[in-house]
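*Asks:* In case you want the letters, here they are:
Number of protein chains: 4
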Amino acid sequence: MTAAGIPAAEIGRLVVRCPDRPGIVSTVSSFLTAAGANILSLDQHATEQRGGTFFQRTEFHLPGLHEQLPSLRAAFDAEVATPLGMEATLTAAATPKRLGIMVSKLDHCLLDLLWRTQRGELDVTVEVVVSNHPDLAPAVEQFGVPFVHVPVTPETKPEAEARQAELLRGLDLVVLARYMQIVSGELLAAVGAPMINIHHSFLPAFVGAVPYRRAKERGVKIVGATAHYVTEDLDEGPIIEQDVVRVDHRHSAADLTRLGADVERSVLSRAVRWHCEDRVLRDGATTIVF
Amino acid sequence: MTAAGIPAAEIGRLVVRCPDRPGIVSTVSSFLTAAGANILSLDQHATEQRGGTFFQRTEFHLPGLHEQLPSLRAAFDAEVATPLGMEATLTAAATPKRLGIMVSKLDHCLLDLLWRTQRGELDVTVEVVVSNHPDLAPAVEQFGVPFVHVPVTPETKPEAEARQAELLRGLDLVVLARYMQIVSGELLAAVGAPMINIHHSFLPAFVGAVPYRRAKERGVKIVGATAHYVTEDLDEGPIIEQDVVRVDHRHSAADLTRLGADVERSVLSRAVRWHCEDRVLRDGATTIVF
Amino acid sequence: MTAAGIPAAEIGRLVVRCPDRPGIVSTVSSFLTAAGANILSLDQHATEQRGGTFFQRTEFHLPGLHEQLPSLRAAFDAEVATPLGMEATLTAAATPKRLGIMVSKLDHCLLDLLWRTQRGELDVTVEVVVSNHPDLAPAVEQFGVPFVHVPVTPETKPEAEARQAELLRGLDLVVLARYMQIVSGELLAAVGAPMINIHHSFLPAFVGAVPYRRAKERGVKIVGATAHYVTEDLDEGPIIEQDVVRVDHRHSAADLTRLGADVERSVLSRAVRWHCEDRVLRDGATTIVF
Amino acid sequence: MTAAGIPAAEIGRLVVRCPDRPGIVSTVSSFLTAAGANILSLDQHATEQRGGTFFQRTEFHLPGLHEQLPSLRAAFDAEVATPLGMEATLTAAATPKRLGIMVSKLDHCLLDLLWRTQRGELDVTVEVVVSNHPDLAPAVEQFGVPFVHVPVTPETKPEAEARQAELLRGLDLVVLARYMQIVSGELLAAVGAPMINIHHSFLPAFVGAVPYRRAKERGVKIVGATAHYVTEDLDEGPIIEQDVVRVDHRHSAADLTRLGADVERSVLSRAVRWHCEDRVLRDGATTIVF
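Line by line, the protein sequences give chains A, B, C and D. Positions in the first sequence are counted from 1; adding 20 to them yields the numbering used here. Positions in the second sequence are counted from 1; adding 20 to them yields the numbering used here. Positions in the third sequence are counted from 1; adding 20 to them yields the numbering used here. Positions in the fourth sequence are counted from 1; adding 20 to them yields the numbering used here.
This is chain A alone, in the form it adopts within the complex (with noise of 0.2 Å):
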């Protein structure tokens, strides 16, 4: 999906929202074709027919984008977004996205996310790794990945959280790679960017604790995982990308776990994947992926 041929400092993406109406394609296409960017791909889709909300994700080449690309988001403002009462946001495909993770003891997610950005596979920078446990510090530090240790109590919570968001602020994305603790809404406005969890049921089945115990009692003859943006109300935050496992009554309980780990991080690594590309647009409670 990527555009072959073509330098990626000279790919740019344009992602915008706005109240549905007639010609916003249009106007979209024809400002990019006037600023003489050719499309290379292009999305949208309108939550309703009339009177619903529209969404528009378009990769475009543009020679020059790098030098150009404060005025052309001027430019795009001015004549497109603010008339048409537009969210929109202008990047470069060049520039990676910086992400933290954090993570408590298991690795398969942790160690999936760095795999994948080690081969080029995820365009990602990850600047930092926060755990509650000190286990992980020798794996993270083997791709050259600063780890740091947080404990978290009870008691010590708030003081833990003011670390982490002093160790988060300012990155693009942070991804919680089976981070075993409640993430508080502070902790969510002091990091300031967006959060994405790996939850281990296919949502909404399962929320909470211990689901794969739960689905063994339920013999549910399915297993899954859930990629979710973090929200206030745990595990009701937007789905991104879920994925199943077929399982029967000769599996345990840790089997399921075992199971599901393989589904744990190839789930969470698509819709990171998918969210630094710019392709996961928020709608209310769900999302949308270009």
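Source of the hints: derived by calculation from the structure; they are not laboratory data.
Derived SDA-like pairs: lysine to any residue, alpha-carbon spacing no greater than 20 Å straight-line: (1) C/K125 to B/Q138; (2) A/K125 to D/Q138; (3) C/K125 to B/W135; (4) A/K125 to D/W135; (5) C/K125 to B/R139; (6) B/K125 to C/R139; (7) D/K125 to A/E141; (8) D/K125 to A/F163; (9) B/K125 to C/F163; (10) B/K125 to C/E141; (11) A/K125 to D/R136; (12) A/K117 to A/E186; (13) D/K125 to A/G140; (14) A/K125 to D/F163.
Following the hints, position chains B, C and D against chain A.
*Replies:* Then chains B, C and D, alone, in the frame of chain A:
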């Protein structure tokens, strides 16, 4: 999975359940061998390694099975089942299960069951279709199956259930193929046969009404269906089979309904097939599917 | 994916194909906007970033579409298609495609298409079913669809194909729903409409005859089905859709046939649906499915 | 699927294969029961109902297994295996299989095997990694596993294979984790252990080189991977496991390679796990996976 080259009339199935203890496989298989039977397939499961429950399904070839069945049952009870505190069922594969189907207005699950029966894929006889609406009478009658319209209103529910029980009593299995009324504990008891229901979500997600609409609102990326035994607790019965299909933001609730219908008919048909082949054993709130 | 709340009569589809160059999205969308149309959905694809072929499908809302269609077509040809060297098709969503179906003795794919048409899931009219065997006449006639038996033997193949061409000429699409005869290039040309075939393997595996038996012999763990456009090269036409199902050593070749039949009917129905919604564009030996 | 609460040292596995005849299940299970063993799980399969080959895998609990293993083997051979013309393998679950891995430059399959071994998910010891390139030495050494670089050129192939055989002889299993050289029949014989290869297509589709590029050219909608035993006929060995992932026209050949890599590592890890649990039995050109 059928026994190629062996007359169906000579194939028997022995399903047992008892407290786990050493030697059961050996005892049961030695009994069958001594009786002149050849074991075609054997599946067993113990819920825990020590102190649990043991389940086994054995399919065997025995010339003259039909004539020997009563004496074989008596001998097995006396020599094996009673000494080991075992529940045992010994059936002839050649005797098709006798089914009743309950349905409301949606035809996709019903038609799939009737069509698979007609082409010999489901080895059952459908004795009657009972519906609270008259709409599907012509479709059912084309298959040569009796259709009985039993209207149900809040006022007439007791009489209606009495009539339903009368129609369905004595059958081997009742299938709720998108029957949109709650089945009371009284009806369940009066029918006296297992009932299988298809629920249009991957339980325990979206228990209750309008699951596809709620799936759309929650923004899930996967929808599914669940076939389960009916118990007095709505949507809480032991799950036999589940399956799912991927969806995205472009799908309306109506699209989910359409895509889900394909999953529902597949899942229900598989569950009915497995039940009728004596492959499904209840284990508390869950099932074992051999 | 339908336009909720908008009369189908006011929905149009514009599908275009041309050498890629900057400005096409803008030109096409500006034309539609100027004509008073509101774009409901837009998908585009370029085969390579430079010097490739560009494809676009646009669904739009235009009150009075039916009356304006001829003038809209003429205007688009003059102002856009001809200047840009574009092939363009402009259709009304309210006009169902007219289908012919060819079949031999297996009913599962045929019945699935007829059921879906009957319940409004496939927006088509089935004009005729042509078979080289008489067996499926009663099943077809229950749907009120004409059934024509055209026997085919090696000696009578030319006359048979002449009769088939006569029955199928002038339709929008011909579906081979497990038609077990090879269609000659002459028949393909004489019919003059696209043909979609279902092959009972995941092509290019098991090209040719008896794929399930060969799948059993090769010991594959997955079997599948492929819907593709018919070309003169057997089993080599552009693939529209594929799907698979897991199998294991316990499944006989007959089991593969049974399990595969469910995949075949789903895959073929999806391919036909997408084709009839003008979502499938040929790109050499492959397809683009919007 | 592990035996909760039972020391691994007391768990044995008996895998047998012989001409099918009545009474085998009974004979084998009676032998085990008489020896004081409790059967934990039993899977059996007969290739045809009459005159075929019979396969059985039994997992059992026997206190003192370690000490009794030699005498148990001798007794089973004398009392059961020899009289019935049976090939039998009796192993202790607590004895991990000793693995060698061959690899070239791609790390995803190798890393997945090493990581699963490290976290105890694969119950094996990796004795050595042999590569025809030096690139992956640091990655392997982080896991504390010896890495040996054995360059291979057309001229040096015989010497290289001699060196490889020396390194790999005496192991229980050799895994080709994207090893991009053809293994000769001589090497296979000299190593003397089973070899499992991962092929990056769903065989028999795209036998041979560059399968993802050919998949892109053919326009398939699904790509996959296949783990199989290595035989002298390239890509023709018995298939152990396969899996697939959906793709569409927007995916480049590079995207297929990336998406396929995830399937490859899962499929290979499952095949290796099952082999090492003595679950995979060869049956001519196919496998039985219990």
